[in-house]
Amino acid sequence: MLYRFTLSAGLLVCLFSSISAAQADSAWHVYRERFVNAEGRVIDTGNHNISHSEGQGWGMMLAQHYNDQKTFDQIWHWTRRHLNRPDVSLFSWRYDPRDIPAVRDRNNATDGDLFIAWALYLAAERWGNANYASASKSIRSAILENLTYEVAGFQVLLPGIEGFRRNEGADLNLSYWFIPALQDFAEIEPNESWDRLINDGVKLLDQARFGAYLLPTDWVQITQQGELSPATNWAPRFSFDAVRIPLYFVWGGREEASGLGSIKAFWDDPVHQPAPAWVDVVSDERAEYPISRGVDAIRAYVSGETLPSSTPQQQDDYFSATLLMLVHMAEDMH
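In terms of mature numbering (1 follows the signal peptide of the UniProt record, and there is no 0), the sequence shown is residues -24 to -1, 1 to 310.
What the hints contain is simulated information worked out from the structure, not anything from laboratory work.
Computed from a prediction, not measured in an experiment: that's the story for all the values here.
Treat the hints with care, as some may be off.
Using 25 Å as the maximum straight-line C-alpha spacing, the simulated SDA-like pairs for lysine to any residue come out as follows [what the hints assert, rightly or not]: (1) K240 / L190; (2) K46 / E15; (3) K113 / P62; (4) K240 / E264; (5) K113 / R82; (6) K179 / S234; (7) K240 / Q201; (8) K46 / R8; (9) K113 / E168; (10) K179 / R230; (11) K179 / V127; (12) K113 / V64; (13) K179 / L283; (14) K179 / A128; (15) K179 / T199; (16) K46 / I26; (17) K46 / I76.
Label pairs and their in silico Cβ distance ranges [to be verified]: (18) E101 / N167: 19 to 27 Å; (19) E168 / E231: 38 to 46 Å; (20) S279 / R10: 35 to 43 Å; (21) G237 / G129: 22 to 30 Å; (22) N175 / N25: 35 to 43 Å; (23) H248 / P62: 21 to 29 Å; (24) E307 / E9: 20 to 28 Å; (25) H5 / N209: 35 to 43 Å; (26) S114 / G237: 33 to 41 Å; (27) R56 / P246: 42 to 50 Å; (28) Q249 / Q290: 30 to 38 Å; (29) Q290 / R172: 20 to 28 Å; (30) A128 / I76: 15 to 23 Å.
Glycine included, each C-beta is placed from N, C-alpha and C at the ideal position.
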């Protein structure tokens, strides 16, 4: 005897939503078990197991997204205890457990500060926690006061308090323009310079195009006359920093930036597949290994392709796994 079952469209939606939610929870569980220790330190397994404000902020963003307040609080507590600067509401950028002291450089990294501030803002909204909201506001104020700078008519984000502003201009990292956070901050603080930072970041990306593929380099220098070039103190590569730019700009709804098309064209170049992890825009030297699964997920996201599973695989180190999780977070928020 044959039995025929029919499912309504609504029931199918609920069924697939439940499956997707279960997969997402499983992905976060795998990520948390591999990269977040019991104290709340997010461990960079591809870089001698150090930690940094960037990773702590990413961990807080993901914990909030997956509604895991316990892990969020663990990460936030560890971050305050070990990276908090005593002079300003920002965070030292690097913690190396092999060093004594573990934090040797008190300088901050502005992207890490933005991630932490945004995670706290989102967490305050999700869990109704006024302490998170107050901490986010303090960090935002410190960013505006210490890390925004006008050069050649552009409002820019300095990568850190120390070492990036010079008489002749500044060294910039366009992957520090984390557009989703800047947009939310602009909405809640419309009288501050967040909107201008976003718009000038788009303009800078459109001008910072170098080499045969017209790519941004990880580090860019801008003169007081507005001339942009690869920064002299770093290798002139489109590499592990700049690969994040497409994710942040598309996530923030700024797909119109022409620089994004150049990046997609580089990744999709049929002559060089799989796409190399980095390219020197001056010499055209390329990495002998391909982009990671996490970077390939960014490529798929900005190209409108089906994303790979969000669950980190064994071959994914911290950086690849985190990018993979962030791509899915971006997709979920749209």
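Hints versus structure:
1. K240 / L190: With Cα atoms ~11 Å apart, K240 and L190 stay inside 25 Å; holds.
2. K46 / E15: holds (11 Å)
3. K113 / P62: holds (17 Å)
4. K240 / E264: Holds - the C-alpha atoms of E264 and K240 are around 19 Å apart, at most 25 Å.
5. K113 / R82: Given pair K113, R82 holds - Cα atoms ~21 Å apart, limit 25 Å.
6. K179 / S234: holds (9 Å)
7. K240 / Q201: violated (30 Å)
8. K46 / R8: Roughly 12 Å separates the two Cα atoms, so the pair holds.
9. K113 / E168: Satisfied, since the Cα-Cα distance of roughly 12 Å is no more than 25 Å.
10. K179 / R230: Judged against 25 Å, a Cα distance of about 11 Å means the pair holds.
11. K179 / V127: Judged against 25 Å, a Cα distance of about 13 Å means the pair holds.
12. K113 / V64: Answer holds: K113 to V64 is near 13 Å, not above 25 Å.
13. K179 / L283: With Cα atoms ~29 Å apart, K179 and L283 exceed 25 Å; violated.
14. K179 / A128: Answer holds: K179 to A128 is near 12 Å, not above 25 Å.
15. K179 / T199: holds (15 Å)
16. K46 / I26: holds (22 Å)
17. K46 / I76: violated (29 Å)
18. E101 / N167: 19 to 27 Å: holds (21 Å)
19. E168 / E231: 38 to 46 Å: Given range 38 to 46 Å: violated, Cβ gap about 24 Å.
20. S279 / R10: 35 to 43 Å: This hint is violated: roughly 28 Å between Cβ atoms.
21. G237 / G129: 22 to 30 Å: Check passed, 25 Å falls within 22 to 30 Å.
22. N175 / N25: 35 to 43 Å: holds (39 Å)
23. H248 / P62: 21 to 29 Å: Given a distance of about 48 Å, which is not inside 21 to 29 Å, the answer is violated.
24. E307 / E9: 20 to 28 Å: This hint holds: roughly 23 Å between Cβ atoms.
25. H5 / N209: 35 to 43 Å: holds (41 Å)
26. S114 / G237: 33 to 41 Å: holds (38 Å)
27. R56 / P246: 42 to 50 Å: Since R56 and P246 have Cβ atoms about 49 Å apart, the given range 42 to 50 Å holds.
28. Q249 / Q290: 30 to 38 Å: violated (24 Å)
29. Q290 / R172: 20 to 28 Å: For Q290 and R172 the Cβ distance comes to about 44 Å; the hint is violated.
30. A128 / I76: 15 to 23 Å: Check failed, 42 Å falls outside 15 to 23 Å.
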